[in-house]
Amino acid sequence: MERERVLSIRDLEISFDTVHGKAAAIRGMRFDLYRGETVAIVGESGSGKSVTMKAVMGIISNNQHIDHGSIRYSWWDEKGQKRTVDIAKMSERDVRSKICGRHISMVFQDSMTSLNPTVTIGNQIIEGMLEHYKLSREEAKGRAIKLLEDVGIKNPEKRFKQYPHQLSGGMCQRVGIAIALACDPDVLICDEPTTALDVTIQLKILNLIKKLQKEKQISVVYITHDLGVVAKVADYVCVMYAGRIIEKGSVEEIFYDPRHPYTWGLLSSMPDLTTDSPRLFAIPGEPVNLLHEIKGDAFAPRNPYALKIDFEQAPPMFHVGGKHRAASWLCHPNAEKVQMPESLRIKIDRMLKGVS
Amino acid sequence: MEEREVILEVKHLKQYFKINRKFTVKGVDDISFKIYRGETYGLVGESGSGKTTTGRSIIRLYDATDGEVIFNGRKISGPIDKATRDYLCMNMQMIFQNPMSCLNPRKKVMDIIGEGLDAHHSYKNKEEREEKIYTILEKVGLAREHATRFPHQFSGGQRQRIGIARALVMLPKLVIADECISALDVSIQAQVVNLMRDLQDELGITYLFIAHDLSMVKYISDRLGIMHLGHIVETGTTDEIFANPVHPYTQSLLSAILEPNPKAAAAKIPVFYDPRELGIDYTKGTIHVLSETHQVLATDEEFDKWRNFIKN
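Residue numbers (the working numbering), protein chains in the order written: chain A, 26 to 381; chain B, 207 to 518.
The set of hints was computed from the structure by calculation and includes no laboratory data. The reader is advised that the hints may include incorrect statements.
[Unchecked claim] Quick list of in silico lysine-lysine cross-link-like pairs, DSS-like style, CA-CA up to 25 Å:
hint: 1; chain 1: A; residue 1: Lys239; chain 2: B; residue 2: Lys345
hint: 2; chain 1: B; residue 1: Lys220; chain 2: B; residue 2: Lys288
hint: 3; chain 1: A; residue 1: Lys239; chain 2: B; residue 2: Lys469
hint: 4; chain 1: B; residue 1: Lys469; chain 2: A; residue 2: Lys235
hint: 5; chain 1: A; residue 1: Lys236; chain 2: A; residue 2: Lys166
[Claimed, not checked] Chain B residues, not near chain A, derived (Cβ > 10 Å throughout):
hint: 6; residue: Arg335
hint: 7; residue: Asp391
hint: 8; residue: Glu465
Glycine included, C-beta positions come from ideal geometry on N, C-alpha and C.
Produce the complete structure using the sequences and hints provided.
Put into structure tokens, the structure is as follows:
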């Protein structure tokens, strides 16, 4: 079956006005999402993963500007015709009334605080349906109760009338998912959906999202820095650093054959259950300050493998086989062959052996 | 095995919070454990299991309802005299979870770190005070010139280093690290963990490490205590717990770890645990000893059942 592109971001540049000057948060981003697939965006805080996805939702703060680029979203309308809009060019009001919730919706990090404490759960779920589908309250209520059942909440009629403070953290997150799915969106963006939850509940929520995704054929974008979550849910992974995607590929390509030194660092610094070396590998230095203009590769100052050219010219995306792309001069055909650190090689070999 | 020196002994610690006349929350309900000198003891559990409360009761941020805490041979719970209090303040320190909210934004780093020194007059003159602060700053990987800055001028990882420096400037014997890496980025977590380990080797510090990230806890701890609903349900060396978990709650916790390995993660089947469904009442359980170091909280029948289950 041919993959159907739902979302495509091209050359996106976003900046913030701050008291210290202009901070370039997103510096030329290219990203594609296909129907029914799951993409995880990984990166440390400040790498721009949330900013990008919030821009897709039309959540733009006052000091934020989209300087360049397009966010194209395609869908089939009621008449069966394919339509495409550029969200970056739409007014905030239009995005709110036509796209948000109806076509693209979001599950937020901390559902305890993202739910409105003064409105019952039921009313928060049906709010979108009344707005987008002009349903009657009765119909909407029926659908909301069905949704609450879908997300695994027992006794939905009773919960419908309750307030967020009467539910536990895991339950609130389920309600957050129900709200996001209320209008049958095509794209679900999950911004760190489980960081505020306990490990035991985390798995339940991830499995739930996966199940609903399969049933409703929606595309899911995960924003996270937890590589364990990525390994569990993602089909494709994009690694972001300083406002750019520096490596992308299928989950196996990224975890078993990483090419970018930053990805090496990320994978090595996470201890798994077999790690017994006395020291963890740590990426040296601090994340870049986006207020300063970045010359060359943003990761170069922290990169022990940096070449001279890294400090002068930003690397383009190199094709390294399959769907795998990496933005590192090390992947240039003329570059000296540099292998990943020995400790990571051993770790990956052990991961591959452990399962087969 | 050689006899190791116990640095902290907690006996039947209870910490209740009275909500109203009829209702009392039992945050920590009768727990006992020992920490040996120079080791790292990890306390793990879900939120609300009482692990932070335990840490705070030990260092007397809360007044313990009942029980005894013995630190280096001195009783530090209940009413204590000034000498014991001074001893406690100088030898037990805490690193907090959120590095931004635990640093006073109006004070310079120099004064944040120096506060403990000031309170205990542990210097002869101004130069000695500065020297002590500079040494500790360099030890945690910061520079001298950072001493004159304010907390907001630092990044998250650097702030956590300041928190560690503040705890270590008194050269404590025991440090309670309460989720001290959960708020940091993955790449920075490794830096802080390495730093804590180096300082442990250099200064012989003992850590009580409170966390919920099991893979990090496994990496850093020598022994573990698994907490649930205010009880320690299982304790043992890290290897014992991971190789041979007996209590169903421990098993469910271990089954929920997400490893950064796509193939293993796909095959993962989580075990769910609800004490009410299994009919487990922690208050009825007693400590059962599996080996010298490995202990489980259970009733006699439960213990037999779980042990047989594992044998099969």
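Problem set entry | Violating hint indices (sorted, rising) | 1, 7 and 8
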